[in-house]
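Protein chains in written order, with the working numbering: chain A, 250 to 645; chain B, 5 to 455.
For the record, the hints were derived by calculation from the structure and aren't laboratory data.
Predicted model, so just to flag it, every value in this text is computed and none were measured.
A hint or two may mislead.
Stated by the list, open to error - DSSO-like cross-link-like pairs, simulated, lysine-lysine; straight-line CA separation at most 27 Å:
hint, chain 1, residue 1, chain 2, residue 2
1, B, Lys331, A, Lys604
2, B, Lys419, A, Lys624
3, A, Lys400, B, Lys147
4, B, Lys239, A, Lys582
5, B, Lys421, B, Lys65
6, A, Lys612, B, Lys239
7, A, Lys349, B, Lys239
8, A, Lys612, B, Lys172
9, A, Lys590, A, Lys545
10, B, Lys214, B, Lys239
11, B, Lys237, A, Lys590
12, B, Lys139, A, Lys349
13, A, Lys349, B, Lys393
14, B, Lys360, A, Lys621
15, B, Lys258, B, Lys331
16, B, Lys317, B, Lys239
17, A, Lys349, B, Lys237
18, B, Lys172, A, Lys349
19, B, Lys172, A, Lys582
20, B, Lys243, A, Lys604
21, B, Lys88, B, Lys65
22, B, Lys172, A, Lys624
23, A, Lys349, B, Lys243
24, B, Lys243, A, Lys400
25, B, Lys391, B, Lys317
26, B, Lys308, A, Lys349
27, B, Lys243, A, Lys624
28, A, Lys288, A, Lys590
29, A, Lys478, A, Lys612
30, A, Lys621, B, Lys147
31, B, Lys421, B, Lys391
32, A, Lys478, A, Lys621
33, B, Lys243, A, Lys612
34, B, Lys317, A, Lys590
Stated by the list, open to error - Where chain B lies over chain A, by a calculated footprint (3+ residues, C-beta under 8 Å):
hint, segment
35, 317-324
36, 517-524
What the hints assert, rightly or not - One-sided and incomplete, this derived list gives chain B residues near chain A with beta-carbon spacing under 7 Å:
hint, residue
37, Asp119
38, Lys234
39, Ala412
Quick reminder that beta carbons are idealized off the backbone N, C-alpha and C, glycines included.
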Amino acid sequence: MSGVTKYAIGAAILLSVAIATVLGITKDIHPPDVLGLPKVPVPDDNPITNAKVELGRKLFMDRRLSHNNTISCAMCHVPEQAFTSNELAMAVGIEGRTNKRNAPTILNAVFYNRFFHDGREHSLENQVIGPIVAFNEMGNPSVGYVIDKIKNTRDYDGMFEKAFGTPVNLDHINKAIAAYERTLVSGNSKFDRYQYGNDKEAMNASEINGFKIFMGKGRCVSCHTVEAKVAIFTDQGFHNTGIGYTRNNTVYHREPTMPITLAPGITVQTPSDHFDHASERPPNDVGRFEVTENPKDRWAYKTPSLRNIALTAPYMHDGSLLTLESVVDFYNKGGEDNPLKDPLLKPLKLTAQEKVDLVAFMKALTGDNVSKLEKEARDAYFVTPVEMPAASVKEN
Amino acid sequence: MYLTDKFPKLKALTKAVAMAVVVGAATQMPSAIADETSCSPFTPLVKGQEDFVYVWTLGVKGLGDESDKLVTVDANPASKTYGKVINKLSVGGRGEAHHMGFTDDRKFMWAGALDSNKIFIFDVATDPSKPKLVKTLNNFVAKSGLVGPHTFYAIPGRMIVAALSNAKDHGGQTGMAIYTNAGEYVSTTMMPTTNGGDGFGYDAAINPNKNAMLTTAFTGWNNYMMDLGKLIKDKDAMKQFGNTTVMWDYKTMKPTKIFNTPGAALEARWSYAPGDNWAVTTTALTSEIYVYKQDDHGEWQQHKVGTIGDPAKIPLPVDISLVSSGKGLWINTFMDGTARYWDMTDPLHPSEVYTKKIGEQVNMVSPSYDGKRVYFTTSLLSNWDMKGKSDDQFLKAYNWDGKDLKLAFEIDFYKEKLGRAHHMKFQARDLKTLQPLQASTANKLNFASNP
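Based on the sequences and whatever the hints tell you, model everything.
Below, the structure is given as structure tokens:
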């Protein structure tokens, strides 16, 4: 690159930053208060700006962020599927590599103080890079490779400079995507209007009764916290419900046959070992223990928020329960017994109607802006040129 | 929403292309047609001894250069290098190599990668023994919004690329893109999602005599890239298979009838024998054979005509190949590595008459035009193939006397450090020996001309 060209590019970037400042693109955004939700926590070193959000959304939707240009964050956290995947129990990574856990929704993820099912990260910023370089997720060989790739991708020219005043680096990738994820906030549900908006018509009788069960006989609130003025429906804790224990141990005690649904209405009983020769060995999963190495944490997983739960099937850390009804049945029997099961889980003895009401209540937790957030994300994808992914990377 | 709904200019372009297809097809309507395994009826055929078998081979991590490659095998018994690999052309990278298809002049062969979405165009005419990569299309996703370019099917001057998935969610909603032979993108037609359509896609096959195109429906990237054992246990993922087939008006690329075909119908094949006007497919999950035939009123009807193996054991019928007479159908079942020959003399009442275990796993089958030689390869999908000792990867060539398959040669693709052997196509050393589908046809324009 000639000196003149460098000068011209530098001048153009400075000019664009100046224009952006004038237009307010780099001005801090203060997330609005949303009924039922706490204030969005914004770290001092990463205020939200339009430029960051735009950049973060573009990065989030960009398949080129994976090593072979096939997987974006949004391929597992699909906008139209409430930023999770409704079609998979457990995520599928680059080249089809196995992930052992369900891709959680990132709606309202900003309110967590621990990230991933095992809670191994503690900030939105820190959690960004993990999947990007994970061998079985987006598969990039190194952080440096990712930075170089973005640096050499022309349609990112000037975007980091506009958002941060400096060229791309790891800190800014993390901050841009985190800034975007801080905007994925969804409240003002029927429940919020009922509980916090003084609109007693917002929920029907079944939903109201379900709420009572949630707070009382169902004991759900023990982990899915509801406070006086807000509710994020998680205690930010880790619990062993037995799902993880069972999955890790029943493989050795499987039945001779297993039901497989081949098409709607067509289910066959197939020998359980029929696909063994075509199967990799399923990965083990010991939950929170994999982070803390504390034996008490074996098969414990983070309590997920229940907001938008009607949109985020399948459920549990491994996506093993397909419906809210099956989740209620699971907890109604007190989870799966195992030596480390959380003592909070006990048989609930809910009646059929109570179970129906409880599900109705959970369906009242859907935010009022999910479609808008989905559309904003998808629009960013189509705006983003996705041509020539490989050619855009210069070899060193 | 269709892409054309989102982009009015694309809609206009699609209409223009549809009109062009109408005009092009109307002037090139054949009167009768035949088959060389799965070639488009617009492609000239190797009706004599094939000289070469091209094998589109998946790169394997830890093996050789780990890249997908086009392997050329000498298949002429009169040659000194008969049964040997005489050329291998790496495309540099591992992208889930899958299927191939010739252009209408058979001078170029398109080969797709289901993961990287790259489409490679090989010159197979200048020196058929050493194909040359002349163009790589890297814009399939950007242009079409689709993922997983699967079938490459020649129509006059153009290629239909039938896909498996989409770039929004890697699910099964998909469509077909049309490119010019030069590799310029033209348009996208989405699979129908109304009137019983489920939006899934897989294969496409055309009967120009009937202005009919049959398409089938498999599954999206999430499933075809997933480990098979994991997939089988994932109840949500198992819901994401196609359960329809579609008969189209080929000239206008509009669906004319959508059939309920449970269990992921895969390869679509027409019988091009004179007087025949039926097509056949098999379902991967439910192990059924379906035949499509017009009734007395000219309406296409679907008939379930046979069951392959024991469906409860999910033998996974994969590739099929209808012999050129339309009287027999090869069906491979992946899980037991078995080739099955079905007598299709009466297509509505076929029967299995021969089986042979080819290996621990078997996927593709390609008979020669005269039916005397049959080739088999092993790989289905990189993450569906057998693991460990059961992961045979080979090309096996057999002679078929109508009663038994006798091994002619085999090549171990792992021993040769090639990879997973997948799709096969034949080629002649002298392209002047290629013949149009119906040599006796009066108007050569009816078919692709000899080069």
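Check: Looking at the structure, which of the earlier hints fail to hold?
Finding: 1, 2, 10, 12, 14, 15, 19, 24, 26, 28, 34, 39
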